[in-house]
Amino acid sequence: MQILIVEDEDLAVRKLQKMLSLIEPRLNIAGVTDSIVSTVAWLKSNPVPDLIFMDIELSDGQSFEIFRRVQIDSPVVFTTSYDESSIKAFDLGSKHYLLKPIQKDELENIVRKFFHPVSDT
Amino acid sequence: MQEWYKPTRLQIYSFVYSIPVVAFLANYILYGNRIFDDINIWIISYPLIIILCLAFWRGHVTIGNWVRHRYPKLEQTRIRIMIMALLVIPTMSASVLLIFFFYDFLHILGYEINAQDIKQGIFVGFSINLVFETLFEADYALGKYKETVEEKRVMQELSVFREFDMLKNQVNPHFLFNCFNTLSSLISEDKEKAEQFLDELSKVYRYLLRNNQSELSTVENEIRFIDSYFRLLQTRHGDAVQLNMEIDRMYKPYLLPSLSLQLLVENAVKHNALSKNKPLVIDIFTTAGNKLVVNNNLQRRAVKAPSNNVGLENIKAKYELLGQEGFQVLEDERNFTVVLPLIWNNTSDSGNRNFQSDERKKMIQ
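Taken in sequence, the protein lines are chains A and B.
If you read the first sequence in our numbering, its first letter stands for residue 129, the second for the next number, and so on.
If you read the second sequence in our numbering, its first letter stands for residue 8, the second for the next number, and so on.
These aren't lab readings, by the way, just hints derived from the structure by calculation.
Computed from a predicted structure; not experimentally measured.
Wrong hints could be hidden among the right ones.
[What the hints assert, rightly or not] Listed next, the in silico EDC-like pairs over lysine to aspartate or glutamate satisfying Cα-Cα at most 20 Å (straight line):
(1) B:K277 with A:E185
(2) B:K311 with A:E185
(3) B:K277 with A:D138
(4) B:K283 with A:E185
(5) B:K285 with A:E185
(6) B:K13 with B:E196
(7) A:K241 with A:D138
(8) B:K311 with B:D339
(9) A:K232 with B:E196
(10) B:K311 with A:E193
(11) B:K198 with A:D138
(12) B:K80 with B:E196
(13) B:K198 with B:E222
(14) B:K283 with A:D138
(15) B:K80 with B:E144
(16) B:K298 with B:E332
(17) B:K200 with A:D138
(18) B:K277 with B:D290
(19) A:K146 with B:D197
(20) B:K285 with A:D138
(21) B:K200 with B:D234
(22) B:K277 with A:E193
(23) A:K146 with B:E196
Using the sequences provided together with the hints, build the complete structure.
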């Protein structure tokens, strides 16, 4: 299962990577991007990931902008430090979100929901 | 506040200064040219008219003031004047008629009523009322207008402070949770760094909470605070954000609006793209002429961060409230600069609560 992490703080990226590998070693972090521009570029030049973890406040703006610039077919889990209201206001098909600091059981629930071992092969 | 049924100072003066002329006119209508050679008119009728007019004046004032009391608002001026006219014209006419009938009934100095006198009397009464009621209404409206302006000013002042509080409440939790998040990552990675981070975080929070109350802080305290605040930012963003400070010692006891440096640094981080290749560089320095300058290189984000400019507006409003000139926001292609005028601290206790006493001694030397 291929995962994209969109997050502009190195510390947060490493933490999420570590938690994910503890929950499910078969997950593969296909990419890590830290801005709107780099995420759009990554999505255009890589196969569609199975799951995207996306921070809302990126170094060059809010990640909602990514949706305006590129078609995203993967399920997206927003990660945010404080205010989930902005996610609710932004009308997307999926409204999964995790509040940071991310709780292990909440992350596990999300991963279990989207993890399909079949697509791993 | 004056009771509504009492005459105002203007109404009293209007009566006192106009009554000699009004009484003369009334007597002239009653007795015509006799007024110039019959001394009895001056001894009996003149004072009598004054007494009658005093009673009518008191009645009119009460009616007028009741209408103003009933329809007090500036927007109700039209209805107020209409009702005033409806009430005042009949009472005035009745008062005039009453005088003539009274004189006729008692045959005072041989007076006999006639239509010509009544017409003249009502005309004079109407003119006098028109002049004075207009004057009272203008006086009332002007007073009301001043009141409204003053109320508006107070409301504006309040809203500035309320906005500022709102801003602090908005910003702080967000920032706090970001910090928790960083801390949560740091703990497993670098325990020592996590401990330092927590120390700085508690310093920053203590300062934020304390300065919620005070309007002004010393440069010294703001700088110390921004130093801690910046360390938090740097832990989160690494080398993507840099801060250079050059503060002349002599300016350390000067005052500026509390938390304004933090607001400006936060704005810089919020509105600019941060990356290790193109770091955001913030310079904070003092210049001659009691100024503190906060400058950052502009690297606009691809998408503008949502902003209502409330932060900058707030600092500006605070300086305006203090009556302090010199707050400036300068912007060109490369830089964003804010100039904060520093205020001489003449009540050395208010802003220096956090000072240690030995630091005070150092300052004096």
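Q: Assess, step by step, whether the Cα of K285 of chain B is no farther than 20 Å from the Cα of D138 of chain A, and give holds or violated.
A: Satisfied, since the Cα-Cα distance of roughly 16 Å is no more than 20 Å.
(Q) For K277 of chain B and E193 of chain A, compute the direct alpha-carbon distance and say whether it is at most 20 Å. (A) 16 Å, holds
Q) Does the structure keep K311 of chain B and D339 of chain B at a Cα separation of 20 Å or less? A) Holds, because 17 Å separates the two Cα atoms, which is no more than 20 Å.
(Q) Can you confirm whether the C-alpha distance between K283 of chain B and E185 of chain A stays at or below 20 Å? (A) 17 Å, holds
Q) Under the criterion that the straight-line Cα-Cα distance not exceed 20 Å, is the pair K198 of chain B, D138 of chain A satisfied? A) 16 Å, holds
Q: Please work out if K311 of chain B and E193 of chain A have their alpha carbons no farther apart than 20 Å.
A: Between K311 of chain B and E193 of chain A the Cα gap is close to 10 Å, so the pair holds against 20 Å.
Q) If you draw a straight line from the CA of K241 of chain A to the CA of D138 of chain A, is it 20 Å or shorter? A) 26 Å, violated
Q: Sort out whether E144 of chain B lies within 20 Å of K80 of chain B, counting only the CA atoms.
A: 12 Å, holds
Q: Assess, step by step, whether the Cα of K285 of chain B is no farther than 20 Å from the Cα of E185 of chain A, and give holds or violated.
A: The given pair, whose Cα atoms are some 18 Å apart, holds under the 20 Å limit.
Q. Are K298 of chain B and E332 of chain B close enough, with their CA atoms no more than 20 Å apart?
A. Measuring from Cα to Cα gives roughly 11 Å; hence the hint holds.
Q) Taken at face value, is the distance from the CA of D290 of chain B to the CA of K277 of chain B at most 20 Å? A) At roughly 16 Å apart (the allowed maximum being 20 Å), D290 of chain B and K277 of chain B satisfy the hint.
Q | Satisfaction of hint between D138 of chain A and K283 of chain B, Cα-Cα up to 20 Å | A | 12 Å, holds
The structure fails to meet hints 6, 7, 12 and 13 from the earlier list, while all remaining hints are met.
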